[in-house]
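A.B. asks: Hey, can you work out the whole structure from these sequences and the hints?
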Amino acid sequence: MIFDATDATFQTDVVERSRELPVVVDFWAAWCGPCRQLTPILEKAVTKRDGKVALAKVDTDANPRVSAAHRIQSIPSVKAYRDGKVAAEFMGAQPGPQVERFLDALVPSEAEELVRSGGEADLRRALELEPGRADAAVPLARLLAARGERAEALELLANVAGSFAAEGLAARLRLEAGQPELQEAFAALDAGEIERGLDILIGAIPAAEDADRRDDLRRSVVGVLDELGVEHPVARESRRKLAAALY
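Heads up, the sequence shown is in our numbering, so the first residue is 841 and it goes up one at a time.
Among the hints, a few may not be true.
In silico SDA-like pairs for lysine to any residue, Cα to Cα no more than 20 Å straight-line [stated by the list, open to error]:
| id | residue 1 | residue 2 |
| --- | --- | --- |
| 1 | 919 | 933 |
| 2 | 897 | 922 |
| 3 | 897 | 841 |
| 4 | 892 | 919 |
| 5 | 1081 | 1002 |
| 6 | 884 | 930 |
| 7 | 897 | 848 |
| 8 | 892 | 911 |
| 9 | 919 | 904 |
| 10 | 892 | 923 |
| 11 | 919 | 1028 |
| 12 | 897 | 911 |
With beta-carbon atoms standing in for the labels, derived distance ranges [to be verified]:
| id | residue 1 | residue 2 | range |
| --- | --- | --- | --- |
| 13 | 929 | 1076 | 46 to 52 Å |
| 14 | 848 | 992 | 49 to 55 Å |
| 15 | 991 | 880 | 51 to 57 Å |
| 16 | 1080 | 911 | 35 to 41 Å |
| 17 | 890 | 929 | 43 to 49 Å |
| 18 | 930 | 988 | 46 to 52 Å |
Calculated from the structure, these hints are not laboratory results.
C-beta: ideal position from N, C-alpha, C; glycine also.
C.D. replies: The following block contains the structure:
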């Protein structure tokens, strides 16, 4: 998909469309020699991807508002939109292999597309293709745990590295199995009473009987905070409470 974008159409044709698929924006001008070198390379690479990425061409002379908004001072300039915002960019004419790598980083892999579908079979296939993907392992583990298959859920999560969400869910499953008194906390979290659920978990830390239980409580709290995001008001206050409970 290759099209011209203008000041009037940019929001709809580029920004909004990028919520469905990546949109690469080629800022160019008729007088620009390097632009004439780069544009055919971009067009060929985008066409090869068979509709998985779009290319919008913006004539900077004819569309000064969009160019100014992007602070285009030198052309060619290329910016890629994903999910409504600029996700990657480069300046100057680039050779074909580099353009290919740029687009490869934007186009979802087969595993990413499977994760988006969210079905159990698709999540399992995604993990076959890319073992250890947190965005596949965590929702699949939740499905398994919901139907009582906790051992398999924990095994899946153990193969994920560097994910607060995976560590938090694994900690929750262990705590639920061995600490029935924490059911109130997890029930509150599931009901959307996030602050209440976190307060119960954090309040249990000082009285933790051993280091493993204390660490699982911490991990379960951190997993929830990671999901909330750093700017969430409950997350900010809960971090303070967690630090006080730990130290």
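A.B. asks: What are the numbers of the hints the structure violates, in ascending order?
C.D. replies: Violated: hints 5, 8, 11, 13, 17.
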